[in-house]
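Residue-level listing of the chains:
2 protein chains.
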Amino acid sequence: MIIIRYGEIGLKRKLRRKFENLLINNIKNTLKNQGFKVKISTEWGRIYIHSSDESIARISAGVFGVTSTSVAIETSTEIEDIKNKAVEIGERLIGSGKSFAVRARRTGKHDFTSMDVQRIVGAELKKKTGSKVNLSAPDVKIYIEVRDNRSFIYTSFIRGFGGLPVGSQERVLSIVNDGKSILSSWYALRRGCEIDLLISGDYNEFREILFPWAGYRDIEVIKSSGDLKKLLNDAFELDYRGVYCSASFEEINSLISDSLLRNRKMPVFFPLMPFNGGYIEEKIKIVRSYFKTKSRIGGT
Amino acid sequence: MIIIRYGEIGLKRKLRRKFENLLINNIKNTLKNQGFKVKISTEWGRIYIHSSDESIARISAGVFGVTSTSVAIETSTEIEDIKNKAVEIGERLIGSGKSFAVRARRTGKHDFTSMDVQRIVGAELKKKTGSKVNLSAPDVKIYIEVRDNRSFIYTSFIRGFGGLPVGSQERVLSIVNDGKSILSSWYALRRGCEIDLLISGDYNEFREILFPWAGYRDIEVIKSSGDLKKLLNDAFELDYRGVYCSASFEEINSLISDSLLRNRKMPVFFPLMPFNGGYIEEKIKIVRSYFKTKSRIGGT
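Protein sequences appear in the order of chains S and V.
For the first sequence, numbering that gives the first Met the number 0 assigns the number 0 to the initial residue and increments by one for each residue that follows.
For the second sequence, numbering that gives the first Met the number 0 assigns the number 0 to the initial residue and increments by one for each residue that follows.
One thing to keep in mind: the hints can contain errors.
To be verified - Straight-line distance between alpha carbons at most 20 Å, and here's what the computed PhoX-like set of lysine-lysine pairs gives:
id : chain 1 : residue 1 : chain 2 : residue 2
1  : S       : LYS228    : V       : LYS264
2  : V       : LYS27     : V       : LYS38
3  : S       : LYS108    : S       : LYS82
4  : S       : LYS264    : V       : LYS228
5  : S       : LYS264    : V       : LYS264
6  : V       : LYS264    : S       : LYS282
7  : V       : LYS97     : V       : LYS140
8  : V       : LYS27     : V       : LYS84
Stated by the list, open to error - Which residues of chain S face chain V? A few of them, derived with a C-beta cut under 7 Å, are:
id : residue
9  : GLN168
10 : PHE248
11 : LEU259
12 : LEU260
13 : ARG261
14 : LYS264
15 : PRO266
16 : PRO270
17 : PRO273
What the hints assert, rightly or not - Here are the computed distance ranges between Cβ atoms for each label pair:
id : chain 1 : residue 1 : chain 2 : residue 2 : range
18 : S       : ASP80     : V       : ASN203    : 57 to 67 Å
19 : S       : GLU169    : V       : ASN232    : 20 to 30 Å
20 : S       : VAL220    : V       : LYS264    : 23 to 33 Å
I should point out that these hints are in silico values taken from the structure, not numbers from a laboratory.
Keep in mind the model is a prediction, meaning the values are calculated, not measured.
Don't be surprised by glycine CBs; every beta carbon is placed ideally from N, CA and C.
Let the hints inform the model, and build the full structure from the sequences given.
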């Protein structure tokens with residue numbers, strides 16, 4: 000089973016339901032576009048995928064709104080079952096000389112506490128492997144979650160990118176005029192917006208790279224010929240709800256002195272403003288390579 | 000001597016001169032406000048402070064526009080002098096078992112190359128200390144810069160924050176309505192803008208914390224009573240060249256649906272948009288504690 004965790008979104012109950020449905024839809028479609036068909040189920044604050052495929056867990060972690068995923072083994076809430084499964088998993092990972100820790104959580108009614116689980120599983124693992132417990136910096140961590148009538152055991156987290164599910168916000172226009180634009184577009188998607196791209200120059204590949212990040216949505220491409228100022232003017236005429244731009248804080252200064260940012264009625268966002276070049280390069284690598292896409296974009 | 004390095008700013012010659020003068024002024028005044036009086040001199044692409052005080056180097060690294068500083072020993076361009084000074088410094092740092100590397104640069108006319116310097120100093124240090132050279136990951140690094148008729152030897156860099164000198168850009172209004180606002184204001188200063196603060200609630204201390212980051216400029220405080228939306232409306236009426244706001248990308252979504260960001264003629268910047276909470280907390284700590292200010296703000 001793959002456990003999918005998503006952010007606390009602090010929304011009213013009705014909006015929360017909408018958000019969750021959108022997120023599930025985006026996960027399903029992103030996986031489908033990568034060639035995976037899965038069964039998904041939900042529970043309060045959790046999404047489960049019926050699979051133990053590590054690459055499905057990784058792709059799911061790339062869907063905006065997801066904070067982390069884990070591949071877990073499911074078992075009953077009998078303490079014997081939990082112990083046996085956890086020890087089986089632990090034995091495989093705890094090689095000679097490796098330390099370990101057992102971390103248990105519990106919700107629902109059971110005749111043991113989470114401390115009991117930690118103690119019982121820890122003692123058995125120690126006996127079976129001869130390894131030491133190290134609570135502060137263990138080599139191997141065994142996580143056990145007991146929830147009502149099922150238990151999950153896992154040993155690692157795949158970190159997601161947070162954000163909001165694509166489609167939970169308005170559609171915006173993202174200006175693509177340099178290599179950094181792939182990252183400003185990514186931030187627009189991460190904010191939950193659908194995007195269209197206003198492209199100048201040779202950046203058509205960006206559509207395909209961004210497509211998996213967009214959940215299942217297609218991304219429209221509009222052409223422009225010109226520099227950043229021309230592109231901004233074109234964007235203002237298209238009247239989207241917002242414009243995304245990769246300009247750094249030095250470039251913004253010249254846009255301000257040209258009054259360009261004063262002559263329009265829509266907000267322009269510069270998500271890369273606070274960053275230095277090195278950080279931007281690292282992030283772009285992630286955006287480009289996270290999905291080794293087999294996407295079926297544009298029917299090809 | 001303290002060496003101050005600043006960013007490649009890609010500006011025309013005349014603007015570059017203005018930028019440099021502003022930077023020197025900001026360094027001088029920031030140091031003065033921290034209780035230090037210094038002598039500053041310049042050379043092509045470099046600023047020097049006539050001091051060997053580590054805390055002056057650290058404060059200077061906090062002036063926007065500065066990329067790094069180093070406390071250096073100055074000597075002549077005689078290879079004997081360079082060798083003796085470098086070995087003297089090296090001997091103090093290279094304890095038992097520590098590896099080292101010598102990194103030399105040279106500009107101007109001399110009868111030796113930078114490779115010669117590395118070889119001669121390295122050999123002597125090896126002989127005197129018995130330590131090993133390790134070029135890829137040395138414990139101690141000895142940097143030697145030979146420039147025309149003077150040489151500088153140093154062993155560490157204090158990293159600056161880059162950006163543009165405060166005052167090189169227009170004056171903007173920064174909205175202060177939560178703990179994060181100190182960071183959005185900081186980013187406005189880092190972009191080279193002067194700032195005034197539009198404050199709602201109990202954040203008057205922010206003025207004093209931000210003051211040293213502003214170079215020598217005073218920061219005006221305007222009061223507002225109200226939530227983020229009221230603050231934004233107040234800001235629009237004040238008609239600055241730009242508005243800075245700490246809203247996260249989730250908060251921005253509600254501002255967009257209220258059309259608030261469409262009904263004004265000035266750009267609104269959200270520099271914290273791309274960040275998660277953890278990163279923001281770390282940065283705020285730096286902004287709050289970098290200058291343990293003894294500033295003479297407001298004549299007190």
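Each hint, compared with the structure:
no.	hint	in the structure
1	LYS228(S) - LYS264(V)	holds, 17 Å
2	LYS27(V) - LYS38(V)	holds, 9 Å
3	LYS108(S) - LYS82(S)	holds, 18 Å
4	LYS264(S) - LYS228(V)	holds, 17 Å
5	LYS264(S) - LYS264(V)	holds, 7 Å
6	LYS264(V) - LYS282(S)	violated, 32 Å
7	LYS97(V) - LYS140(V)	holds, 11 Å
8	LYS27(V) - LYS84(V)	violated, 29 Å
9	GLN168	holds, 5 Å
10	PHE248	holds, 4 Å
11	LEU259	violated, 9 Å
12	LEU260	holds, 4 Å
13	ARG261	holds, 5 Å
14	LYS264	holds, 5 Å
15	PRO266	holds, 4 Å
16	PRO270	holds, 5 Å
17	PRO273	holds, 5 Å
18	ASP80(S) - ASN203(V): 57 to 67 Å	holds, 59 Å
19	GLU169(S) - ASN232(V): 20 to 30 Å	holds, 21 Å
20	VAL220(S) - LYS264(V): 23 to 33 Å	holds, 30 Å
Figure legend: structure checked against the earlier numbered hints; hints not met, in rising order: 6, 8, 11.
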